[in-house]
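J.: Letter by letter, the chains look like this.
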Amino acid sequence: MPVVVRTFATAAEATAALTSDRSARFIAGGTLVMRALNEGDVGISTIVRLEERALSQIRTVGARVTIGAGATLVQILRERDLAFLHALARSIGGPAVRTTATVGGNLFAPSPYGDLAVALLALDATVSVMSGYGARDMALEEFLAGRDRAAGAIVLSVSCDRPPNPDSFRYRKVARVKPKGVSVLSIAASISAVGGRVSGARIAYGAMAPTAIRAKAAERALEGRTLDEGGVAAAIAAAAEGTQPATDAIASAWYRREVVGVHLRRLLLGREA
Amino acid sequence: MPKTALQFRHNGRDAAIFVDGGMSLLAALRDEVGDFSPKFGCGQGGCGACTVLVDGEPVVSCITLAESVAGKSIETADGLKSGPELHPLQTAFMETFAAQCGYCTPGMLMAAKALLDRNPAPSRVEVVEAISGNICRCTGYEPIINAILAAAARGAERRA
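Chains as they are written, first to last, in my numbering: chain A, 31 to 303; chain B, 9 to 168.
With the rest of the complex left out, here is chain A:
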């Protein structure tokens, strides 16, 4: 069924259009919204677009990177400053999806999709969101928790600090198909160590809950420990705590809970997948 397409020059105008119409959806690359339209989603009567190139800049100031919500995964892959996200970006979609799939859109991808959000959660990213009340920054964790109630809001950008060294940010996507497939689960971890002991680790999972979530029990169990077989044992034991994975075409909830600790252990010990 045809829908109304409204294109705006500014995020403020687009937000106003979204707020005034409950059946309006914001479209960026289209990988989520066009799919819904192809499946005959009658809940969408209007799609709201922003003009080309708005919100697609990537800026680096010192260690801080700010990625426009409209930046595509291909843009990330072509940006040297974002090398820490390259393996991750290559694990999402195929080349023809990565040319259109955006950073902002990935934050809305339902489980088991949305691997970029997992990495950004581990990197303690901040999201800049425009709503009827204006633009404001919030922690990604807070954003994800309220995502489904965020009607009428548009993500403008995400920001995070670049990892201090390549080893301090780790990411792993577990899929059944190589070189790319949908996640059985994905894990990202930001790990800094003081005198060989882990301090303030952030671990995030994808496909282990309706949105990307933090593995807080595992994070706590890792605090002050060393990254060796004995040091990570408590974190592995707590790996599935607080998760609520779904059973879908890719894997069962039981299987995801069973293997999350196996993959977390390999990630923390730097072992092959």
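Keep in mind the hints are simulated off the structure, nothing from the lab.
Quick caveat, the model's predicted, so the values are computed rather than measured.
You may find that some hints are simply not true.
To be verified - Per label pair, the in silico range of CB-to-CB distance:
#	chain 1	residue 1	chain 2	residue 2	range
1	B	F44	A	V207	25 to 35 Å
2	B	G163	A	T40	37 to 47 Å
3	A	A223	B	R132	35 to 45 Å
4	B	A129	A	S161	48 to 58 Å
Where is the CB? At the ideal position from N, CA and C, for every residue including glycine.
Assemble the complex: chain A is given as a structure, and chain B must be docked to it using the hints.
T.: Okay, now just chain B, sitting in the frame of chain A:
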């Protein structure tokens, strides 16, 4: 509901069509332009049968909003040939038996073209990565990978 006028370049020619709101690029190409080379597979961006190039970049046209290509240049498998001459990729696909039922072929060809345009001498791993968004259910990937490598090798010969 009113239709929207849309103009873009299609395989080197101007195309001017009217599209329904929310129409995909794939539907616009097939139903309005009459180019049936891109195929409808999954409608979810998961199979790659509808892959076309937009300003040289591969996109899955089934989940691309038609209106988003206004003023851009679209290349499809239908535009690969030059008169009676097949594109080197098409010749290589024929010679290495890289098309059995042929449904994935237009998408495979365009994914391969996107790769070779950017990287004329790819490694086998790079070829596998380039077609990783394209699903084939009958030919098998080996002949397709070999065809793309053969086309690249032939291109290198021509340049030498």
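J.: Would you mind marking each hint as holding or not holding in the structure?
T.: Verification of the hints:
no.	hint	in the structure
1	B:F44 <-> A:V207: 25 to 35 Å	holds, 29 Å
2	B:G163 <-> A:T40: 37 to 47 Å	holds, 45 Å
3	A:A223 <-> B:R132: 35 to 45 Å	holds, 38 Å
4	B:A129 <-> A:S161: 48 to 58 Å	holds, 49 Å
Going down the numbered hints, you'll see the structure goes against none, and every one checks out.
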